[in-house]
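Work out the full structure, taking the sequences as your base and the hints as a guide.
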Amino acid sequence: MTHPTAHTVADALDALRETTPLVQSLTNVVSANFVTNVLLAAGASNAHIDNVHEAAAFAAVAGGVLVNLGTPDDGTAEAFVLAADGAVAAGTPWVLDPVGVGGLPWRTSLAADLLTRRPTAVRGNASEIVALAGLGSSTRGVDSSVDSKDAVPAAIALLDHADAVSASGPIDYLVGRGSSGPVGLTVGGGSPLLTKVTTTGCSLGALVAAYLAVTPDSLTGLTAAHTHVAVAAELAEHTSSGPGSFSVAYLDALASVTPDDIRARARIEPLEL
Amino acid sequence: MTHPTAHTVADALDALRETTPLVQSLTNVVSANFVTNVLLAAGASNAHIDNVHEAAAFAAVAGGVLVNLGTPDDGTAEAFVLAADGAVAAGTPWVLDPVGVGGLPWRTSLAADLLTRRPTAVRGNASEIVALAGLGSSTRGVDSSVDSKDAVPAAIALLDHADAVSASGPIDYLVGRGSSGPVGLTVGGGSPLLTKVTTTGCSLGALVAAYLAVTPDSLTGLTAAHTHVAVAAELAEHTSSGPGSFSVAYLDALASVTPDDIRARARIEPLEL
Amino acid sequence: MTHPTAHTVADALDALRETTPLVQSLTNVVSANFVTNVLLAAGASNAHIDNVHEAAAFAAVAGGVLVNLGTPDDGTAEAFVLAADGAVAAGTPWVLDPVGVGGLPWRTSLAADLLTRRPTAVRGNASEIVALAGLGSSTRGVDSSVDSKDAVPAAIALLDHADAVSASGPIDYLVGRGSSGPVGLTVGGGSPLLTKVTTTGCSLGALVAAYLAVTPDSLTGLTAAHTHVAVAAELAEHTSSGPGSFSVAYLDALASVTPDDIRARARIEPLEL
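Protein chains in written order, with this note's numbering: chain R, 1 to 273; chain W, 1 to 273; chain F, 1 to 273.
By construction, these hints were calculated from the structure, which means they are not laboratory data. Quantities reported herein were computed from a predicted structural model and do not represent experimental measurements. It is possible that part of the hints are untrue.
Intra- or inter-copy, both count: the list cannot distinguish identical chains.
Distance condition first, Cα-Cα at most 25 Å in a straight line; then the derived SDA-like pairs of lysine to any residue [to be verified]:
1. LYS149 to ARG265
2. LYS196 to SER241
3. LYS196 to GLY242
4. LYS196 to HIS238
5. LYS196 to TRP106
6. LYS196 to GLU234
7. LYS196 to ASP11
See the structure below:
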């Protein structure tokens with residue numbers, strides 16, 4: 001696997017806009033609207049199909065599937081498993097976003113079960129990645145209490161179950177499986193205002209699912225989503241005066257960012273593992 | 001039935017603002033917030049009552065009911081039926097929005113059941129209208145893959161079950177029952193940005209429920225909602241730089257649009273059937 | 001208990017920003033996103049944990065809990081009780097927001113049950129407060145049909161169950177338990193546009209839960225939340241041209257309001273009881 005660069009990410013953005021991949025999102029009620037608006041703005045499409053009757057079958061026609069553990073109940077938890085298995089059976093890439101895993105035992109065991117079903121990619125904050133790998137547990141609600149860099153060993157451990165893993169933070173740490181062992185990189189940029197608008201992380205997970213549908217390998221898809229978000233957030237911050245206006249500008253920027261913007265502004269660095 | 005015009009629609013807007021009809025929405029989790037904000041901005045009111053204990057009784061006190069199939073589960077699916085039957089029993093108009101019908105068998109049979117309970121109006125995209133009429137099935141997730149005009153025969157067929165039916169698209173196609181057979185019209189205008197903000201269609205369906213509470217016949221109510229939305233979207237586009245700012249400007253425009261704006265900007269044309 | 005003033009409220013804002021209390025919200029699907037964004041903007045944090053497996057345990061680690069009856073179903077209704085009992089057992093303050101109580105029998109009996117579990121504070125509109133106290137029932141959907149001032153006797157009656165109670169309206173009426181009987185005050189300001197954006201009331205209830213985590217007594221926490229919201233809304237109105245832009249400006253203002261703004265603009269008046 002070649003290391004994803006600003007150029008491969010720019011190509012991925014072109015591919016996203018050309019093919020408008022359809023994401024199936026099984027995501028929490030806090031994020032449902034914003035996740036869809038982020039996908040539409042970025043250039044993808046979304047259907048929130050999370051009932052037990054339709055989750056598995058739809059995973060076969062979707063371009064990518066997001067399973068986000070933010071607000072599970074017994075019904076959606078069952079649908080998560082059905083969608084994950086449906087995705088794997090159909091060869092559809094799927095993303096696990098282990099929101100709140102660590103501090104909450106029920107969803108932590110749900111996440112452990114889902115992990116055995118082999119997500120294509122896992123995206124979380126550092127606390128969640130550490131907890132999901134079984135290397136600790138310090139999640140405070142749904143926010144991270146671990147520095148992203150410290151989640152790298154956990155992310156590498158999770159490559160036993162997933163093709164690519166990321167821990168989001170001020171700098172994002174991403175790892176993937178290379179031909180001779182794990183490959184890593186960081187994505188910088190973004191904006192501190194991303195932490196003041198809810199479900200920006202959830203919608204990044206959804207965008208990973210969209211990019212996995214149009215990229216040749218999982219680490220490239222993961223990198224493209226993180227980079228698209230980071231560049232858009234950086235641009236949006238310039239025209240924002242708080243979290244409300246940032247949220248609006250962020251959606252505008254996700255839509256207006258061009259491949260040239262990506263090539264000029266992406267901050268992708270190799271990470272020694 | 002006289003053919004609705006810009007003038008009858010302008011009168012309907014006056015009536016909406018004067019009476020602030022209360023809509024009961026049973027709608028998907030993606031749309032719940034935006035649907036309510038659209039209704040409040042336009043001049044109506046909303047209560048999202050979709051549990052099995054309250055759905056039927058509330059339909060008797062609401063001015064109009066929206067049943068939207070976007071994210072059903074077993075509980076809300078049961079509530080849909082209760083609300084529909086409660087609305088019919090009480091003489092409350094109700095709107096069926098068959099989101100995703102066609103490609104998804106479970107909700108397609110749910111929609112077929114609901115159709116037998118005689119919605120006052122049906123609003124969908126062209127694919128959904130075609131599928132609901134049993135004339136084909138080509139829905140891709142929740143987006144349409146059929147041109148709106150091609151849904152007109154399906155819309156006419158659905159008049160066996162509903163008083164008025166619309167297929168949304170770049171141009172909206174609306175049909176209703178006239179004294180000597182079906183009557184049709186188109187509503188133009190709007191903005192391509194409507195497709196880049198999620199649940200603009202769902203919230204149009206909710207606005208139909210609001211207008212049905214204040215208009216003398218169903219096609220007028222349907223036409224008023226489509227026109228209010230089209231004129232507001234056109235105005236909003238002028239001050240938008242992307243989907244985020246469009247969404248904000250759209251809510252502002254729904255609130256600021258006057259009957260004079262409707263008379264000046266409505267693009268309602270008769271449709272030969 | 002000393003009467004809360006603009007100065008104690010300004011101190012509470014400092015405390016909120018310094019400690020970032022974590023709210024557990026069990027709130028309706030219409031409000032889920034906005035509630036969280038309001039909390040983040042104001043300076044708190046939120047986790048929407050409303051499933052029966054996690055609701056009770058999380059109430060022990062949260063700084064405050066919001067139980068909002070906007071869109072209950074059988075599962076969340078059970079979680080409400082678990083969270084309330086978990087909060088009381090752990091000494092975590094919790095807020096009851098009785099949305100729609102009065103007109104809807106099922107949730108009214110649910111609210112009556114929750115009231116016996118001793119919420120720290122109750123926040124509702126005037127109709128809901130009157131209905132919850134068993135003094136009448138005139139809720140129209142989820143909007144109030146009673147003037148806030150007329151809810152004061154009901155609010156005082158509810159002090160048998162809660163430490164502090166508020167009825168929101170153009171002017172908010174707040175009561176708490178003093179050493180020699182009930183103490184009352186009013187909070188003015190705000191903006192009529194608050195009624196044109198959905199779930200501003202729900203998010204105020206959530207902010208009460210946040211402030212209860214950082215204030216010495218319940219009436220101070222309740223007053224701080226009402227005042228923060230009123231000052232932010234007043235500032236936001238200046239830069240708004242409708243409900244869409246108000247909603248954005250409101251989030252910005254919740255974040256930018258300083259303790260000095262509170263001291264200069266708070267409109268807190270004592271209320272003779």
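Evaluation of the provided hints:
1. LYS149 to ARG265: within (22 Å within a copy, 44 Å between copies)
2. LYS196 to SER241: So LYS196 and SER241 pass the 25 Å test inside a copy (12 Å) and across (22 Å) alike.
3. LYS196 to GLY242: Both. Shortest intra-copy (9 Å) and inter-copy (21 Å) distances satisfy the 25 Å Cα cut-off.
4. LYS196 to HIS238: both (15 Å within a copy, 23 Å between copies)
5. LYS196 to TRP106: Neither, since 27 Å and 36 Å both go past 25 Å.
6. LYS196 to GLU234: Both: 14 Å inside a chain and 21 Å across chains, each within 25 Å.
7. LYS196 to ASP11: between (30 Å within a copy, 22 Å between copies)
Checked against the numbered hints given earlier, the structure breaks only hint 5 and satisfies all the rest.
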